[in-house]
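J.: Knowing the structure of chain P, use the given hints to seat chain V on it.
Going down the list, the protein sequences come from chains P and V.
Oh and the first sequence: position 211 is 211 in our numbering, straight run, nothing missing.
Every number in our numbering is 234 more than the matching position in the second sequence, counting from 1.
Since the hints were made in silico from the structure, they are not lab data.
There's no promise every hint is true.
Claimed, not checked - Now the in silico label distances, taken between C-beta atoms and shown as ranges:
1) P:44 <-> V:528: 16 to 24 Å
2) P:123 <-> V:528: 20 to 28 Å
3) V:440 <-> P:44: 36 to 44 Å
4) P:127 <-> V:440: 52 to 60 Å
5) P:57 <-> V:420: 22 to 30 Å
6) V:336 <-> P:44: 32 to 40 Å
7) P:127 <-> V:361: 45 to 53 Å
8) P:12 <-> V:420: 43 to 51 Å
What the hints assert, rightly or not - Simulated crosslink set (DSS-like; lysine-lysine; CA at most 27 Å straight-line):
9) V:291 <-> V:335
10) P:181 <-> V:517
11) V:532 <-> V:402
12) V:532 <-> P:181
13) P:181 <-> V:524
14) V:479 <-> V:517
15) P:181 <-> V:291
16) V:451 <-> V:324
17) V:412 <-> V:400
18) V:400 <-> P:181
19) V:309 <-> P:181
20) P:181 <-> V:412
21) P:16 <-> P:152
22) P:181 <-> V:479
From the three backbone atoms N, C-alpha and C, an ideal C-beta is built for every residue, glycine too.
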Amino acid sequence: MSSIQVVQTSFYKKYKAGIITGAKLLISLGCLLHIGYFTTALFCCVDFANPVEELSHATGEWGLHFLLLSLLITPLRRHFKWNDLLKFRRFLGLWSFFYIFIHFFGFIFFDHFFNLASIIEDIIDRPYIAVGFAGLVLLTPLAVTSFKRLQKKLGKRWFSLHKLVYIIAILGVVHYWWLVKADIFWPVIYALAVVVLLGDRLYFYWVKDAAKKQRLKPSSKKDTTGQPSVMPKS
Amino acid sequence: MSTYNKESITFNTGLTENDVTDESLFLKRRHFIKAGMSLSAMAYFPQLAMAAAGDAKYAGLKRTVDLDLEPHSYKDITSYNNFYELGYGKGDPIRNAAALKTDPWSVTIEGECEKPGTYTLEDILKPHDFEERIYRFRCVEAWSMVIPWAGFPLAALLKRFNPTSKAKYVAFETVYDKDAPLPGQRRNVLDWPYREGLRMDEAMNPLTFMATGIYGKPLPNQNGAPLRLVVPWKYGFKSIKSVVKIRFTETQPETSWNLSGPQEYGFYSNVNPEVNHPRWSQKRERVIGKLFKQPTLKFNGYGDQVASLYTGMDLRKNY
Numbered sequence: 001m002s003s004i005q006v007v008q009t010s011f012y013k014k015y016k017a018g019i020i021t022g023a024k025l026l027i028s029l030g031c032l033l034h035i036g037y038f039t040t041a042l043f044c045c046v047d048f049a050n051p052v053e054e055l056s057h058a059t060g061e062w063g064l065h066f067l068l069l070s071l072l073i074t075p076l077r078r079h080f081k082w083n084d085l086l087k088f089r090r091f092l093g094l095w096s097f098f099y100i101f102i103h104f105f106g107f108i109f110f111d112h113f114f115n116l117a118s119i120i121e122d123i124i125d126r127p128y129i130a131v132g133f134a135g136l137v138l139l140t141p142l143a144v145t146s147f148k149r150l151q152k153k154l155g156k157r158w159f160s161l162h163k164l165v166y167i168i169a170i171l172g173v174v175h176y177w178w179l180v181k182a183d184i185f186w187p188v189i190y191a192l193a194v195v196v197l198l199g200d201r202l203y204f205y206w207v208k209d210a211a212k213k214q215r216l217k218p219s220s221k222k223d224t225t226g227q228p229s230v231m232p233k234s
Numbered sequence: 235m236s237t238y239n240k241e242s243i244t245f246n247t248g249l250t251e252n253d254v255t256d257e258s259l260f261l262k263r264r265h266f267i268k269a270g271m272s273l274s275a276m277a278y279f280p281q282l283a284m285a286a287a288g289d290a291k292y293a294g295l296k297r298t299v300d301l302d303l304e305p306h307s308y309k310d311i312t313s314y315n316n317f318y319e320l321g322y323g324k325g326d327p328i329r330n331a332a333a334l335k336t337d338p339w340s341v342t343i344e345g346e347c348e349k350p351g352t353y354t355l356e357d358i359l360k361p362h363d364f365e366e367r368i369y370r371f372r373c374v375e376a377w378s379m380v381i382p383w384a385g386f387p388l389a390a391l392l393k394r395f396n397p398t399s400k401a402k403y404v405a406f407e408t409v410y411d412k413d414a415p416l417p418g419q420r421r422n423v424l425d426w427p428y429r430e431g432l433r434m435d436e437a438m439n440p441l442t443f444m445a446t447g448i449y450g451k452p453l454p455n456q457n458g459a460p461l462r463l464v465v466p467w468k469y470g471f472k473s474i475k476s477v478v479k480i481r482f483t484e485t486q487p488e489t490s491w492n493l494s495g496p497q498e499y500g501f502y503s504n505v506n507p508e509v510n511h512p513r514w515s516q517k518r519e520r521v522i523g524k525l526f527k528q529p530t531l532k533f534n535g536y537g538d539q540v541a542s543l544y545t546g547m548d549l550r551k552n553y
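Looking at chain P on its own, in the form it has when it is part of the complex (with noise of 0.2 Å):
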C-alpha cells in the first residue's frame, strides 16, 4: 500500500500543475456541455415540455452546488492537509456565479423581457426572489474582485469583503426554501449542508480564540490553523 502511496505521490508532484489545470479543464468542459445542453433545449432537440423552467432550476441547482463546494476547500484544507484544494476554490466560486448570472439572465429575460418595471415589481413583491436577488447583488462583487490582481490590491480588504460568500450561501438557501410549495426536503437537505460548513469555521474560530489564549505569548508559535487570515505568499 505504502509504495503505491509513495508512487502516486511522486507521480502527483511531478505533474501536479498539470493535473490541477486538467481537473479544472475537465469540469469546465463538463460545465459547458451542461448549460450547453440546456440551453439547446429552448430551441430544438430536446422535447422538454417547459425547456426554461429546466433551464432555471439547472442553473440555480448547480450555481447553489459550486457556492457549497467552494465553501468545501478550507474545511477540507484543515481537517486533511490538502492545500492544493486552495487552488480551486476561486475557480469554483466563478463557476457558481457564472451559473447564477444565467439563472438570473434567463429570468429576466424569459420571464419578464427586460421589461425593467415588471422585474423591480417581482423582485418586491416576492420574497423568494427578493432574497435571491440579494445574493447575486452580494456576489457579483466577489466575482469582480476575484483576479489576482485586484486581490493582491485589495489585501486585507479583499478577505473580509469575500466573507460575505457565507451569507450568500444563506441567502442562497433560504431562496430555494421558499420557493418550494410543499416539499422542503432538499432544502432542508443544503441547509444542512450550510450549518455543517460554517459550523466548522465557527469551530476553528472558537478553537483558534481558546489555543491564542492559552498561548499568552504571541511569539510562541505559528499560525497553522490555515484559517485564510493567513494568506498564501505566491
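T.: Chain V in isolation, oriented as in the chain P frame:
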C-alpha cells in the same frame, strides 16, 4: 371538415370552425382498427368486452366546448404533471403511474343528499354520454396548457344523487389508503387525503366537468385516472384527481392547499391576474412550449360564463 356537433355552450373567444386536431381523427381510425381486431377476442374474454364498451363511449365524442386554440400534445399533457400522490416533481407522476390502481374503483357519495352510497365506477359513468371539451388549464405556478378533455358535466352527475337544500358545497377527496400509500403519500408533504371543494353553484355551472379521458381515450393515471374534476376558470389544483369521495356539505369544506398555505391558496382560487401571490406573479403565464410569458386572463378567459357567480364578492379577499 367538422365532424363534430357543436355546441351547447358558446364562447366569444374568437371561435372558428377549425377542427383542432388531426390527432382525434387519427384516434378514430385507431379505434376502428382496434375494434375490428378485438371483436373475436371479446367472445372469449368478457372483461375485454367490457373494457371495449368503455372505450366505445369515446368513439362518437361530441365536441361541446371549443376554443380556437390548439391543444397541447398528448406527450406534454401526460408527462408534465403536478400530482403529488405520485411524486412532487413534474416528471414523477408518469414514472410512478403504475403505483395507482384504478381497477376496481368506486366513488362514495355522502352528506346532504337523498341517494348516498358507494357506487362502482361503472355505475357512476353509465348514464352519461361523453363529450369532448377543449379547455385552457392554468396552474397556479404560472404555466398553462390547452387540454382536450373527455367526460361529462359535474352537474349531471350531482343531480343523480338528489342533493338536499342543505347542500351548499361539494367536497371531493382523492384516493388514499393509509396502509398502502401512493409513493408521494409516504411523507406528509400535504395532509392526505387530498381534498378539494366547490360552492354548489360553482359545481353546477355548465363548465364544471368530470373528466374521464383526454384525446378521446381514458385518462392515464398521471392525469388523475379514472375520474377527475376539471374547473377551467380556477387554478389547476382545484381540479382534483382520482376522485373517490364526493360529499355534499352545508359549510365550506377544507381544501388541501388552503390548509397547507392559507395565505397563498384560498378556497376559491379563481384564476385572477389582479390578485398577487407571494410565489408567482399571476399577471402572466407561460404557455407550455413557449419561451415567453403572455398575459393571464381573469377567470382564465371564462368570465362570461362564471363572473356572475361572484357578483358582490371582493375577489381580493375571497382569493
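J.: Just to be careful, I want the Cα atoms of residue 532 of chain V and residue 402 of chain V compared with a cutoff of 27 Å; is the pair within it?
T.: The given pair, whose Cα atoms are some 25 Å apart, holds under the 27 Å limit.
J.: With respect to the beta-carbon atoms only, verify the hint that residue 336 of chain V and residue 44 of chain P lie 32 to 40 Å apart.
T.: 37 Å, holds
J.: Looking only at beta-carbon atoms, does the pair residue 440 of chain V, residue 44 of chain P fall within the given range of 36 to 44 Å?
T.: 41 Å, holds
J.: Would you mind confirming whether the straight-line C-alpha gap from residue 16 of chain P to residue 152 of chain P stays at or under 27 Å?
T.: Holds, because 24 Å separates the two Cα atoms, which is no more than 27 Å.
J.: Take a quick look at whether residue 181 of chain P and residue 479 of chain V sit within 27 Å of each other, Cα to Cα.
T.: 25 Å, holds
J.: For residue 181 of chain P and residue 291 of chain V, compute the direct alpha-carbon distance and say whether it is at most 27 Å.
T.: It is violated: about 38 Å lies between the C-alpha atoms, which goes past 27 Å.
J.: Starting from the range 20 to 28 Å, see whether the pair residue 123 of chain P and residue 528 of chain V falls in it by beta-carbon distance.
T.: Once the Cβ atoms are compared, 21 Å apart, the range 20 to 28 Å for residue 528 of chain V and residue 123 of chain P holds.
J.: Between residue 127 of chain P and residue 361 of chain V, does the beta-carbon spacing fit 45 to 53 Å?
T.: 50 Å, holds
J.: When you check the alpha-carbon spacing of residue 532 of chain V and residue 181 of chain P, does it fall within 27 Å?
T.: It holds: about 23 Å lies between the C-alpha atoms, which stays within 27 Å.
J.: Can the restraint linking residue 451 of chain V and residue 324 of chain V be considered satisfied, given a maximum Cα separation of 27 Å?
T.: OK: residue 451 of chain V and residue 324 of chain V at ~22 Å, within 27 Å.
J.: So if I understand the rule, the pair passes when the alpha-carbon distance is 27 Å or less; does residue 181 of chain P with residue 517 of chain V pass?
T.: 19 Å, holds
J.: Given the hint that residue 181 of chain P pairs with residue 524 of chain V, test it: the Cα-Cα distance must not exceed 27 Å.
T.: 23 Å, holds
Of the hints listed earlier, those the structure fails to meet are numbers 4, 14, 15, 17 and 18, in rising order.
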